[in-house]
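A.B. asks: On the provided structure of chain A, position chain H as indicated by the hints.
Take a look at the letters that make up each chain.
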Amino acid sequence: MYAIVWLIPALPLAGFLLLVFLGRRMPRAVAAVVGVGSVGLAALATVLVGASFLSAPPAGGAIEERLFGWVSLPSLSFAFGFRVDALTLTMMAVITIVGFLIHLYSSEFMSRDGEFWLFFAYMNLFVSSMLVLVMADNLALLYLGWEGVGLCSYFLIGFWYREPEYCVAARKAFIVTRIGDVSMLLGLALLVSSFATLDIQELLRRAAAGWAPGSALPVVATLLLLGGAVGKSAQLPLQVWLPDAMAGPTPVSALIHAATMVTAGVYLIARLSALYALAPAVQSLVAIVGLATLLLAGLAAIAQVDLKRILAYSTISQIGYMFLGLGVGFYSAAMFHFMVHAFFKALLFLAAGVVIMAQGEEHNIFRMGGLRTALPAVFWTFLIGASSLAALPLVTAGFYSKEWILWGAWQAGRGGPLLWLLGGCLGVLLTSLYSFRAVFVTFFGDQKIRESHLPGARMKIPLVILAALSILGGFIQIPSDIAPVSLFESFIGGVFPKAPGAAEGGSTQILLQVVASALSLIGVLAAYVLYRRGVGAHERLADSDAYRGVRRFLFSGLGFDWVYKWAFVKTFDCAAKLLKGEVVGRAADAIGSANAAIGRALGALQSGRIRWYLVGIALGAVAAVGAAVWL
Amino acid sequence: MIPAIVLLAPLLGGVLAWISGRAGRLWVRIWPLALLVLDFAALLAVWIGGNPDAFHEGAYSFYADLIVPWIPQIGVSVHLVLDGLSLVLSLLAVFIGIVVILVSWKRERDHEGFFYFNITLVLSGVLGTFLAVDLFLFFLFWELMLVPTYFLIVGWGGERRAPAGFKFFLFTQLSGLVMLLAILALYFIHGGSSGVYTFDLFGLIGTPMSSRTSFLLMLGFMAAFAVKLPAVPFHSWLPDAYVEAPLEATILLAALLSKSAAYGILRFVLPLFHDAALAFAPVAYVLGVLSVVYGAVLAFAQTDLKRLIAYSSVSHLGFVLVGIFALSPLALQGSVLQMVSHGVATGALFVVAGFMERRLGHRDLSRMGGLFPLVPRLAGAGVALALVALGVPGSGNFIAEVLIVIGTFQASPLFAVLVSSGLVFSVVYALWMIQRAFHGRAAVSGSLRDLSALEAAGALVMILVVFWLGLHPQPVFDATSRFLQTLQGGA
Numbered sequence: 001m002y003a004i005v006w007l008i009p010a011l012p013l014a015g016f017l018l019l020v021f022l023g024r025r026m027p028r029a030v031a032a033v034v035g036v037g038s039v040g041l042a043a044l045a046t047v048l049v050g051a052s053f054l055s056a057p058p059a060g061g062a063i064e065e066r067l068f069g070w071v072s073l074p075s076l077s078f079a080f081g082f083r084v085d086a087l088t089l090t091m092m093a094v095i096t097i098v099g100f101l102i103h104l105y106s107s108e109f110m111s112r113d114g115e116f117w118l119f120f121a122y123m124n125l126f127v128s129s130m131l132v133l134v135m136a137d138n139l140a141l142l143y144l145g146w147e148g149v150g151l152c153s154y155f156l157i158g159f160w161y162r163e164p165e166y167c168v169a170a171r172k173a174f175i176v177t178r179i180g181d182v183s184m185l186l187g188l189a190l191l192v193s194s195f196a197t198l199d200i201q202e203l204l205r206r207a208a209a210g211w212a213p214g215s216a217l218p219v220v221a222t223l224l225l226l227g228g229a230v231g232k233s234a235q236l237p238l239q240v241w242l243p244d245a246m247a248g249p250t251p252v253s254a255l256i257h258a259a260t261m262v263t264a265g266v267y268l269i270a271r272l273s274a275l276y277a278l279a280p281a282v283q284s285l286v287a288i289v290g291l292a293t294l295l296l297a298g299l300a301a302i303a304q305v306d307l308k309r310i311l312a313y314s315t316i317s318q319i320g321y322m323f324l325g326l327g328v329g330f331y332s333a334a335m336f337h338f339m340v341h342a343f344f345k346a347l348l349f350l351a352a353g354v355v356i357m358a359q360g361e362e363h364n365i366f367r368m369g370g371l372r373t374a375l376p377a378v379f380w381t382f383l384i385g386a387s388s389l390a391a392l393p394l395v396t397a398g399f400y401s402k403e404w405i406l407w408g409a410w411q412a413g414r415g416g417p418l419l420w421l422l423g424g425c426l427g428v429l430l431t432s433l434y435s436f437r438a439v440f441v442t443f444f445g446d447q448k449i450r451e452s453h454l455p456g457a458r459m460k461i462p463l464v465i466l467a468a469l470s471i472l473g474g475f476i477q478i479p480s481d482i483a484p485v486s487l488f489e490s491f492i493g494g495v496f497p498k499a500p501g502a503a504e505g506g507s508t509q510i511l512l513q514v515v516a517s518a519l520s521l522i523g524v525l526a527a528y529v530l531y532r533r534g535v536g537a538h539e540r541l542a543d544s545d546a547y548r549g550v551r552r553f554l555f556s557g558l559g560f561d562w563v564y565k566w567a568f569v570k571t572f573d574c575a576a577k578l579l580k581g582e583v584v585g586r587a588a589d590a591i592g593s594a595n596a597a598i599g600r601a602l603g604a605l606q607s608g609r610i611r612w613y614l615v616g617i618a619l620g621a622v623a624a625v626g627a628a629v630w631l
Numbered sequence: 001m002i003p004a005i006v007l008l009a010p011l012l013g014g015v016l017a018w019i020s021g022r023a024g025r026l027w028v029r030i031w032p033l034a035l036l037v038l039d040f041a042a043l044l045a046v047w048i049g050g051n052p053d054a055f056h057e058g059a060y061s062f063y064a065d066l067i068v069p070w071i072p073q074i075g076v077s078v079h080l081v082l083d084g085l086s087l088v089l090s091l092l093a094v095f096i097g098i099v100v101i102l103v104s105w106k107r108e109r110d111h112e113g114f115f116y117f118n119i120t121l122v123l124s125g126v127l128g129t130f131l132a133v134d135l136f137l138f139f140l141f142w143e144l145m146l147v148p149t150y151f152l153i154v155g156w157g158g159e160r161r162a163p164a165g166f167k168f169f170l171f172t173q174l175s176g177l178v179m180l181l182a183i184l185a186l187y188f189i190h191g192g193s194s195g196v197y198t199f200d201l202f203g204l205i206g207t208p209m210s211s212r213t214s215f216l217l218m219l220g221f222m223a224a225f226a227v228k229l230p231a232v233p234f235h236s237w238l239p240d241a242y243v244e245a246p247l248e249a250t251i252l253l254a255a256l257l258s259k260s261a262a263y264g265i266l267r268f269v270l271p272l273f274h275d276a277a278l279a280f281a282p283v284a285y286v287l288g289v290l291s292v293v294y295g296a297v298l299a300f301a302q303t304d305l306k307r308l309i310a311y312s313s314v315s316h317l318g319f320v321l322v323g324i325f326a327l328s329p330l331a332l333q334g335s336v337l338q339m340v341s342h343g344v345a346t347g348a349l350f351v352v353a354g355f356m357e358r359r360l361g362h363r364d365l366s367r368m369g370g371l372f373p374l375v376p377r378l379a380g381a382g383v384a385l386a387l388v389a390l391g392v393p394g395s396g397n398f399i400a401e402v403l404i405v406i407g408t409f410q411a412s413p414l415f416a417v418l419v420s421s422g423l424v425f426s427v428v429y430a431l432w433m434i435q436r437a438f439h440g441r442a443a444v445s446g447s448l449r450d451l452s453a454l455e456a457a458g459a460l461v462m463i464l465v466v467f468w469l470g471l472h473p474q475p476v477f478d479a480t481s482r483f484l485q486t487l488q489g490g491a
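Taken in order, these protein sequences are the chains called A and H. The opening residue of the first sequence carries number 1 in the numbering used here; numbering runs sequentially from there. The opening residue of the second sequence carries number 1 in the numbering used here; numbering runs sequentially from there.
The following block holds chain A by itself, in its conformation from the complex:
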């Protein structure tokens, strides 16, 4: 079965090519079959490869396949080559299976769009690029996929390109992530200048042998790569593009801006975990970035009124958890949270898509309400997703993945308890508060807008499957004090350096779990008290000026956009306006026109005829001899 590995990214790519060249003339049904089918087949192929991977693990724990050469120079060569190990396979499974469900959903969601075919073309290209990113055996190919997903993200955020503000959001996303990408490219450059290779495995071997832990080069290299990761994964300080990226169609937000692309940074750091082990200071920075981001985004999420923006900030915050896990060396935990998050966040976005559609494109949750009875299927699946996000104890997948990360944080050296306190207690509280705020305001109380456009089977089936995964997905990895299940760790753990600290911690671990669980439930309760209509402490608060000021600040995403606008956008605009008159060019012209008289005289010499050149040669001879004497 390993022979079909190359088909997995090739199928969606073929779908893209078919759609982009022939899609305009395809009937909708055909375009849908091509668009959904190509990803479906890729998912099937992934399952087949995964099955044989589990039943008969390949030698060395990875399938390697080199398709064809790309660049082969004496000082550097890399190829179109894939390497599939447990980490990659986990990513591939999420990308293709969740991707397939979202494509299926889109075939109904987008069915009235005039450029239906183009939507699936971009989506297929995205899936293909994302697969290339995770399957690449060298960093150049990874970078190709990395740039490819960014491009698709740009096109899909701005898919409704007739609306100028959507295009602004799309450009913002591209430019901000490109800043990170350039940092990453410089990281690659540093790695090449040190080790003359971009092959990931070779690079990790050479780095482990050639770089002393904690020395300057690994610190700089991992910092530069971290720049790329925070750009793509919307972490501080480059998180500003993701909330605006919600301008894209909702399935895009589900697939690209929640489940897959935004976790590319997590993948990059996990993939290069051995490199980060050589730079402990940067690895701690990863944890701090994650922690700061998860708190900041959690605070911002509480103040949002647009359902999709709540989920966007939630995504930033949850990826912060993954960074926290990476930073404390709990790579398996971070990847487990990646997987579980992909399930429940895709679910939440898809459910939000149905809600918004049924409310006549209304995004503001405070203008909705009471949808519990109008959209029961959506209510129950959204509730499951929100519970998993809020990490309600024992029954949700989110609980198990988050507990694992928090256990890692607790054990992370001296600052561990602080990481746990802020990330665990405050973060969990914020998360369940904003999740259930959305649930109570949207689905309870009085209905304000009559529902329209009820979802059909192609939209409901993905919701149900993802809801099941958001619950069941957690049971493959359970803390040892509850039940000794460790399927995920035993599958993926071999890829990473061994996690520091103890895997199990007896009574301490139980105590920590109880505290975090209690906080998660307190968050739900707080949301109920504040936002449940009728109880509504929120309205009474809303009158005070201080509260309004704080809310405005949080609503704006804590002012980052404002700072960046003045520091960078305005500066660039000013520079462009200033230089537009060709200041530099005119200065050169002035010198030019001063010389023009001489120029005309000299120019007359150059009529292109030989004898004039001979005159020139004679004159030049004088000049040259003069120069030779003078020198």
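One thing to keep in mind: the hints can contain errors.
Said to hold, decoys possible - In silico DMTMM-like links for lysine to aspartate or glutamate, alpha-carbon gap of 25 Å or less: (1) A:Lys577 <-> H:Asp304; (2) A:Lys570 <-> A:Glu163; (3) A:Lys577 <-> H:Asp364; (4) A:Lys577 <-> A:Asp561.
Hints listed in this document are in silico derivations from the structure and should not be mistaken for laboratory results.
C.D. replies: Positioned in the frame of chain A, the structure of chain H alone reads:
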């Protein structure tokens, strides 16, 4: 004989076109096209079947080497060589020549015979600079490109063509004169020290000079190349010339003439003045980074589509300048790939801009918008090429810029950081161009004609070439590596 055939075929086509100018508009086009196609086939045959080590000259090896004494009294000969580097760039030149003839096919204008004669003369001049290794001959070809380009601008250009043409002529002419002086000085220094007076490059390499002399002579060469590339701040002739020139001449200027300057640095400056070039590298980096950033910022500020592309071209060529002077194997290969890829991509972008101007009657971006649903093929090509300008993954520009950044990092991490800022700025102007032209609400009422099947096929071929260069650049690397390897060890 092959270099001479390659060189003269376009010219023959042009002469035949001029002669048959009165015979009808068909033959005026067919002659140059036919001879360019033959030329292209000949070059391809050499690439596929030729032996790159057939001739040797010191460390250098060639497919073909032609040497005919011309003015033996002063040591001038017709010395043409065809090696991998000149082969790849000659292919680019002939390919662009074919594109130019096809683009102009349906357009009627005055004095068509003379028009096509000038185009082929430019092509022969460019090919001559790619083939000549006699400095006197090289200089002749260098000047030969200039005159017909000037005629094309002044004869068939836009409204303000006269000042634009004059400015172009003055800048390139003056800088060319400086190069001539440097050539002559080198000629006499070499003759004085060895007793052999020759303009032959391989004779002149290794001429003993003080490092100060060497540096001055190198500056003389660089003056001409920096103006024609162009590097900021020697670029001010470019926007006007590109915009006022007829589309065909703009394509030639952007795709080819700039490459002859980069080629000149590779072929002459580095071998002749290796140590001086190393000393000059920091200045070249600064000029290159300045071009990258300044070109990108100004591209963003433009509302004239042609002018925007012109400035984007300045920005891309800044990468080439930095990459060449980084002198690391990766950066050199990246620069050569960038030259080829940029030649095709910018040529294609100007072609698409020309298609748009023909349909809209103007090229003012502030009056465009929403073209995507109206003319999907045209807009698709425009979007694809704008993305190539920002280095879309898989394109030649992508891999070239990656190699340049990585290669420059090995030579100077600081300038690698600075030049890579261009990768962010290019996104800004390329997306801005997509936005103003193709996205947003439709600013054009009524219907526009989309690309015909032939036009679409032409645009598609150029786009495919750019992606072929990005996905399978190895043939270009293999062809040019022999020459590029000689540059690193020093002459």
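A.B. asks: Hint by hint, note whether the structure agrees.
C.D. replies: Hint by hint, here is what the structure shows:
A threshold of 25 Å between alpha carbons decides the hint, and for Lys577 of chain A with Asp304 of chain H the separation of about 15 Å falls inside it, so the pair holds. Note on Lys570 of chain A and Glu163 of chain A: the hinted pairing holds, with a Cα-Cα distance of about 23 Å set against a maximum of 25 Å. Proposed proximity of Lys577 of chain A and Asp364 of chain H is supported: the alpha carbons are some 17 Å apart, at most 25 Å. Between Lys577 of chain A and Asp561 of chain A, the direct Cα distance comes to roughly 22 Å. Compliance with the 25 Å bound is thereby established for this hinted pair.
In the structure shown, no violation is registered for any of the earlier numbered hints.
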